[in-house]
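Chains as they are written, first to last, in this note's numbering: chain A, 27 to 151; chain B, 271 to 413.
Hints are computed from structural coordinates only; laboratory data are not their basis.
Be aware that one or more of the hints could be misleading.
Claimed, not checked - List of simulated lysine to aspartate or glutamate pairs, DMTMM-like, C-alpha gap at most 20 Å:
1) LYS385(B) to GLU331(B)
2) LYS313(B) to ASP328(B)
3) LYS373(B) to GLU392(B)
4) LYS356(B) to ASP79(A)
5) LYS398(B) to GLU355(B)
6) LYS309(B) to ASP379(B)
7) LYS350(B) to ASP77(A)
8) LYS405(B) to ASP296(B)
9) LYS350(B) to ASP79(A)
Unchecked claim - Some chain B residues well away from chain A (every beta-carbon gap over 10 Å; in silico):
10) ARG301
11) ILE302
12) TYR308
13) THR323
14) ILE327
15) ASP328
16) ILE329
17) GLU335
18) ASP379
19) THR400
20) THR412
From the three backbone atoms N, C-alpha and C, an ideal C-beta is built for every residue, glycine too.
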Amino acid sequence: MAPTIQPGDWLLIDPTTARWPRRGSIVVFREPDSDLLAIKRLAAGPGDRVDLDEGHLVLGADEAWLLSDATDAALLAAGAGAGRPIDSRRYGPVPVDALVGRVWFRYGPLNRIGRIGRPPAILDR
Amino acid sequence: MFRFRTFLAPTTTVHAHCDLPCGVYDPEQARIEAESVYKIIEKMGANSDPTFTARAIDIKEQRAELAKHHLDVLWHDYFKPEHLEKVPNLHELFWNAAKQVSKVKASTDLADAKKLLDMIDEIDAAWKATGGEEKTRVQRATA
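So here's chain B without its partners, still in its complex pose (with noise of 0.2 Å):
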């Protein structure tokens, strides 16, 4: 019986899998991110050094792209529906984010940088306004 069974049970599986939230979410992983390319491009405008840009330029793009990431998931998975009571312009918000970090990817311009900070401190007030660190963030212990 247990042969039969092994012989005519599937050799592939296949996944209908849902996310696995760890409801953890701050805006603040993407403004470090953010701050990152800031100093970056900051920090090259004060190194002529062709070596040195490259591998700012290289640290700056991959910093953005986390900075985006961050952005997606606080976007996908904390922000809900009900959210836009709230804030009525969530996903500009969002949409504006993630268009400038492309922008801030290709750019060396420090005050695209900038609002690139700007526009995650918009998204950390429509955060902290739908519940902020105290929905999202596990408690410090107090001294």
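Excised from the complex, chain A in its bound form (with noise of 0.2 Å):
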């Protein structure tokens, strides 16, 4: 999630959310194929029109398109054999009961505490 979210953040998360919150927050959920806590950015909401390489998939009521903000310069940076983000470019849409909660603040290290942010770029995708 470089460089929104660096490896040793501390976030806290609202986890009363019970709906997917709107696009461009960043949602702690249970990955589906690993069942692994997770964190992502939320590209596309529920009823949204997703963009694939072929054609395109609208999303189900309960679900979510979720996807790492990290870009090839920050997977350049993590260093050689960092390979792609694994989002839901690999295991699709995400199921409003996987959600976890929404991160809305993190607080360590000192020198990045505060709100987090949304990138603009994110929503082009």
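Relying on the hints, combine the two individually framed chains into one complex.
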């Protein structure tokens, strides 16, 4: 999720969220394939259209399309062998049952304290 | 200070992980599993013992699942969008092969297993056209 979230960041999440939050929000959820607690940005929500290489899909009433913020430059900086981000491009739409909470604040490290921003590029992808 | 920090530190870790691809890919992995499926069906035709048949069906389905796994890894991890220039029907090749694996799982027809082998050979040709062994395998020591 670099550069938005860095390894070692301390985050506060709102676990009372029962529905997918608005596009651009960062969420924690149970990854469909592994049940691992994962963090991604909500690129498209229920009912949204997602354009794919070949065609498109329309998300169901409880589904979201979750993508990593990681840019090619960030992946390169992570070192050789850091492959493609594992996100909805790998496991498809994520049902709301998997949602754990919305990330809203970073309280550590000290020099990065603040609300979690939303990069403008994410919604253009 | 240390205790205060420990008190504040999160207790749960979340992951934003990426693949860690080893970079070794070869359709031969899928072909070997598909060959097992072919041979098992062949043996089933020559043996009417119900216990043997039950075991053979179970093993055939396991091998078919492995073939599908290796095809998926090749599709998702090795092939990149730029390869579509050299192999425009790449997605169709994998789509059809994955469907054929599903068919083979439920079939005892040798022709279905042979068709899967042929499809994997087409994928092998695509792999070779985009770099193949030289790009993705560790070279053997020469004699």
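Going through the earlier hints one by one, which of them does the structure break, listed in rising order? none
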